[in-house]
Amino acid sequence: MQLIDLALADETLARWQFGITTVYHFLFVPLTISLAALVAGLQTAWVRTRKETYLRATKFWGKLFLINIAMGVVTGILQEFQFGMNWSDYSRFVGDVFGAPLAFEALIAFFFESTFIGLWIFGWDKLPPRIHLATIWMVSIGTVLSAYFILAANSWMQHPVGYTINEESGRAELTDFLHVLTQNTAVAQFAHTITAAFLTGGAFMVGIAAWHLARRRHIPVMRVSLRLGLVTMVVAGLLTAVSGDRLAKIMYDQQPMKMAAAEALWETEGPAPFSLFAIGDVDEGHNDVAIEVPGLLSFLAHDNFSEEVPGINDTNEALQEQFGPGDYRPNIPLAYWSFRWMIGFGMTSAALGAAGLWLTRRRLWLAEELRTAPDERPRLVLTRDRELGERLSGWWWKLAVLTMLFPLIANAWGWIFTETGRQPWAVYGVLPTSAGVSPGVSQGEVILSMSVYTLLYAALAVIEVRLLVKYAKAGPPELTDADRNPPTRIGGDLRDPDRPMAFSY
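Numbering-wise (the UniProt record's numbering), the sequence shown opens with residue 1 and increments by one.
Any given hint might turn out to be false.
To be verified - Pairs of lysine-lysine residues, derived as DSBU-like cross-links and limited to a Cα-Cα distance of at most 35 Å, are as follows:
#1 LYS51 with LYS398
#2 LYS51 with LYS126
#3 LYS470 with LYS398
#4 LYS473 with LYS398
#5 LYS51 with LYS470
#6 LYS398 with LYS63
#7 LYS398 with LYS126
#8 LYS51 with LYS473
#9 LYS249 with LYS473
#10 LYS63 with LYS126
#11 LYS63 with LYS470
#12 LYS470 with LYS126
#13 LYS51 with LYS63
To be clear, the hints were calculated from the coordinates, so they are not data collected in a lab. As the structure is a prediction and not an experimental result, all values here were calculated from the model.
All chains should be built: construct the whole structure from the sequences, respecting the hints.
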């Protein structure tokens, strides 16, 4: 019994450390993915129109993007070390399969990101506009590729395919890498994660732009940024809901216990209700209080309102028959509430984006007046900007700034649900989590390293927030003659070889 308790303690500590570092790292990932594409879009608008508003917006959001990606890279490096330190048995068993997409992520995605972001940072006065624009688009492609390979590896843990078990070595061996990359779990999880990332970036842009507009500062740049952010939030919110529905159906087919736990559905029911609020007894296996929408869970799982959905108790018995004695239930309260916090904060963000689009809509009379009285354009635009500021004064801009946090919270709880809902499996149906812990790492070593990492990450969080706040408040930079007159050939203006290399800002 004492050995069992020690093993459980080792597993719990290792999971806590991995959970803390992973959730912290993932705070930066969605913002990096979305800001890279949004900055590329703004720079594209500048290259096509040569309007200075777009150039100033590109430089402003580009600076915040660079701060965020630097912190994401620093915190992400630690992730891969943990596989060999705290989870060596896991790495030994599945390394041949799990390591393949991680290797592609490092070789291809990091190449795109690290190489082209350097060209983008230092190439403003050395590269022609279109070539310089191509570098930031390559950075954006690199962030997306990086996300795909990581999600393909994680999806294999959720639904292992394209492998075989070598009985002699006792290891999983890769047999079909293409299947690992293209299975429906990976595609659906990628779509859901990317759309949620753009919801995060849109909210980030809206919050900062609304803060400036409420103070009548940098109105042209922030008006463009606000509209771009609001449209991004609404479109991404809708796509997140659609991709989430698809992912939930796949989850029901592949991990019925996770679906049942997410709804605290203890007994098999048909039609099965969707739970709005529940308080239950995990030991007894039932809910004491339940507020439900009849039939909705059946629709989410099967696209009809009457089909049966297996409950936690029956699913646990089925898994015991398949894999042997044990408790195959995850932490039910954690799965239930993390699922709701993910959906609640995510959909609230999309709803606020839609409300913002309505509040900042352009009046039809302005478009008509501009057509009939072009000489009045400065006065009419000033009137529009004044009205926009008035609409964003008071409660709305405060809510917009607060909205910046909502997608981040939704992303964090989404990953907590995804990973804890799979328990007790590290690789679903193949490798229990308890079998993947490093046998030679003591509890003291894990506690020490976890404490150091947590304190270090807390310090990095303070630095990150202060930098973002400092440069967000400063607003977009003023343009120089060099900004307005970019080079027409690679190498830029070489008449003064002693002139220092220009950073992007």
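Tested hints:
no., hint, result
1, LYS51 with LYS398, "holds, 30 Å"
2, LYS51 with LYS126, "holds, 20 Å"
3, LYS470 with LYS398, "holds, 18 Å"
4, LYS473 with LYS398, "holds, 15 Å"
5, LYS51 with LYS470, "holds, 26 Å"
6, LYS398 with LYS63, "holds, 24 Å"
7, LYS398 with LYS126, "violated, 41 Å"
8, LYS51 with LYS473, "holds, 23 Å"
9, LYS249 with LYS473, "violated, 43 Å"
10, LYS63 with LYS126, "holds, 19 Å"
11, LYS63 with LYS470, "holds, 11 Å"
12, LYS470 with LYS126, "holds, 28 Å"
13, LYS51 with LYS63, "holds, 19 Å"
Going down the numbered hints, you'll see the structure goes against 7 and 9, while the others check out.
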